[in-house]
Structure formats: structure tokens, C-alpha cells
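So for the sequence shown, the numbering used here puts the first residue at 3; every next one is plus one.
The set of hints was computed from the structure by calculation and includes no laboratory data. By construction, the Cβ of each residue, glycine as well, lies at the ideal position given by its N, Cα and C atoms. Among the hints, a few may not be true.
Beta-carbon label-pair distances, calculated as ranges [what the hints assert, rightly or not]: (1) Glu18 to Asp90: 26 to 32 Å; (2) Glu18 to Thr68: 30 to 36 Å; (3) Trp95 to Ser27: 29 to 35 Å.
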Amino acid sequence: MRQLDALRKLCLALPEATERLSHGSPAWFVRGKKTFVMFADDHHGDGRLAFWCPAPPGAQEELVRTEPERFFRPAYVGHRGWLGVRLDVDVDWGEIDRIVRDAYRLVAPKTLAALVD
3 MRQLDALRKL CLALPEATER LSHGSPAWFV RGKKTFVMFA DDHHGDGRLA FWCPAPPGAQ
63 EELVRTEPER FFRPAYVGHR GWLGVRLDVD VDWGEIDRIV RDAYRLVAPK TLAALVD
């Protein structure tokens, strides 16, 4: 699946990022511990191809409000400010890269976060 392959490439390009299955789907971690992206393919029948990630304060609310066709509040982690990002719509991979990098910076140790331009 090309969306998963493209997302995987962005995530694994980040310092000390690893991938493993989490709850049956691919997920990416910093130093094998902290999750920064979770892939979701029709999660519990929601019909979406997407990923979930932590977002800077206020970003989830703003994006879901202004672009609900592209962004959503994901189950389980949405209350913590995580963002759901659809991959089954017209995708701007430059924007996806920025979102993934922001998510990484939010969970990575300062020394690793500083390595991400």
C-alpha cells in the first residue's frame, strides 16, 4: 500500500525511530518506547485510511474545525490532543512530513528532537 510505504519512509528517516505492530497496526516509536505515529486502516470499521499522532497544543481543535474532511479526533487518544490525519483523500506529503516531524519532536528526548530540522 503506497500510503503506508510513504508514511513508513517519513517516520523511519527520523533519529532512532523504530517500527513495530501496536494493537495490530504499524506504529513508530522513538527509541522503541514512545509512540509518535500510529497507522490506522479502517480502525473498528470507521472507513478511514489514516494515521494518528500527537499534535502541538491547539492544533487538533483548529485542524478538525477548519478541515474536517482531512483531520479528525481519533478514538482513545483524541482527548490527549492527538490528531487523526486522513490518507484516503488528496494528500500533501510535504504537509504530512511536517506533521510527522512535529509529532516526533513532541515525544522525543530534547537531544534527538534537536536533530530534526
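Hints, one by one, checked against the model:
no.	hint	in the structure
1	Glu18 to Asp90: 26 to 32 Å	30 Å, holds
2	Glu18 to Thr68: 30 to 36 Å	33 Å, holds
3	Trp95 to Ser27: 29 to 35 Å	20 Å, violated
Violation of the numbered hints given earlier is confined to hint 3; every other hint is satisfied by the structure.
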